[in-house]
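Read off the chains here:
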Amino acid sequence: MKGVPTVLVTVSPEVSAQMRPPRALYPKGFKIGNSLGRPGIRDLQKKVLRDALGLLSQNTRPGEFVTIEYPEYGEQYEPPHVKKL
Amino acid sequence: MTISRKCVPFTPFERELSQSTIAIVSAGGVHLRTQEPFNIADELGDLTYREIPPDVDSDQLMVTHHHYDHADADEDINVVFPIDVLRDLESEGVIGGIAKKNIGYMGYTMQLKAMYEGTAREIANEIDRGSRADAVVLTGG
Numbered sequence: 341m342k343g344v345p346t347v348l349v350t351v352s353p354e355v356s357a358q359m360r361p362p363r364a365l366y367p368k369g370f371k372i373g374n375s376l377g378r379p380g381i382r383d384l385q386k387k388v389l390r391d392a393l394g395l396l397s398q399n400t401r402p403g404e405f406v407t408i409e410y411p412e413y414g415e416q417y418e419p420p421h422v423k424k425l
Numbered sequence: 078m079t080i081s082r083k084c085v086p087f088t089p090f091e092r093e094l095s096q097s098t099i100a101i102v103s104a105g106g107v108h109l110r111t112q113e114p115f116n117i118a119d120e121l122g123d124l125t126y127r128e129i130p131p132d133v134d135s136d137q138l139m140v141t142h143h144h145y146d147h148a149d150a151d152e153d154i155n156v157v158f159p160i161d162v163l164r165d166l167e168s169e170g171v172i173g174g175i176a177k178k179n180i181g182y183m184g185y186t187m188q189l190k191a192m193y194e195g196t197a198r199e200i201a202n203e204i205d206r207g208s209r210a211d212a213v214v215l216t217g218g
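Which chain is which? The protein sequence lines are U and L, in order.
The first sequence begins at 341 in my numbering and counts up one residue at a time.
The second sequence begins at 78 in my numbering and counts up one residue at a time.
All the pointers check out, no bait thrown in.
Chain U side only, calculated, beta carbon under 10 Å to chain L, not exhaustive:
hint : residue
1    : T350
2    : G373
3    : K386
4    : L393
5    : G394
Pulled a few chain L residues facing chain U out of the computed Cβ check, cut under 7 Å:
hint : residue
6    : L94
7    : D149
8    : V156
9    : P159
10   : I204
11   : L215
12   : G217
Hints were generated in silico from the structure; no laboratory data involved.
Note that beta-carbon positions come from the ideal geometry of N, C-alpha and C, so glycine has one too.
With the rest of the complex left out, here is chain L (with noise of 0.2 Å):
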């Protein structure tokens, strides 16, 4: 896959709302207690992202992120990473269900080539092969 750097790549969204599955990727260092906290240590920063489940128990979740205060996040992580407001969606029937995979990742980084290039191709693909998403709602902090 290439990313274009002269085109908004626009993909059209051609499915009924009530029947798809929506994917939640976010910038804002999220990721679950039992999971490597992002290395903050790295003043380039880092560039892994962690997969998150659609069953998480969101009380589970924490950030890890130095450049934004997550006090808010750390209080209701649906601030950043909306889970628990996609799951009242689902049950009330506007959204089919969540996908198989979610995503955090630290959105801070000086490696800008390397997150173009790499993470972000890697994401791209967790989500198109492995999450069976419709849509992605892209959050950052």
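Chain U extracted, bound-state conformation (with noise of 0.2 Å):
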């Protein structure tokens, strides 16, 4: 196996991180269950697709988040946080 490249969409950055993923967008403020926007809007969805996509062939750092905000989501949540032991 040589490997495929992958992009992971993300709400739980702090969490994502723990697995070190080679590109990932976390579209900021989206609660969980809602990774590409909210139901019904395909114009948003295809936003945050395109921009995840475009990820794999931008010069991105493996392992680091690329933070996109998209105003049309509307209301904003807080992602999830590590429990630190």
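Once you've looked at the hints, go ahead and assemble the two chains, each given alone in its own frame, into the complex.
Below is the structure:
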């Protein structure tokens, strides 16, 4: 296996960071269960997916997250944090 | 295949996106209504996964997952499994196509080692050998 390029869309960046994904998009303020946005808002879903796919060919640093704000999402949510033991 | 626990396993993407086939792999508990639901009764989680074809009618997809609120996904599966959105991007020429296999699994598990060393590798092999995907979009709940 030579590997397959991946890009993660996560609404829990702190939690996802523990798995060190090679490329990741955090749509800022999206709640859990809304990785691509809100239901029925296809333009927003498409924008998020295009941004995620765009990271495949951008010069991103492996393991780092790209945060993008989407004002059209509306109400913002705080992402979950990793509990420190 | 071994997975490094020290390095970020980065695979370069060296194709044109418009010529590339994209697969979705989602931890959001997505599966076909005709497929066996994930076992949410097992407190350790369900380590199995479901293959989802590229031509699936999104109305035939559902979520079985009890560790996030999937009411929005029940209304529009694209919020966690953007299959219709990929179709839009394909018709607009942004991507080349949708992979032969897409994958749904339930991201919650207490069996991390089995997920990491078993399920994750099986899914990677499905994508690598059977899907003809040039790249993968990963989503959670």
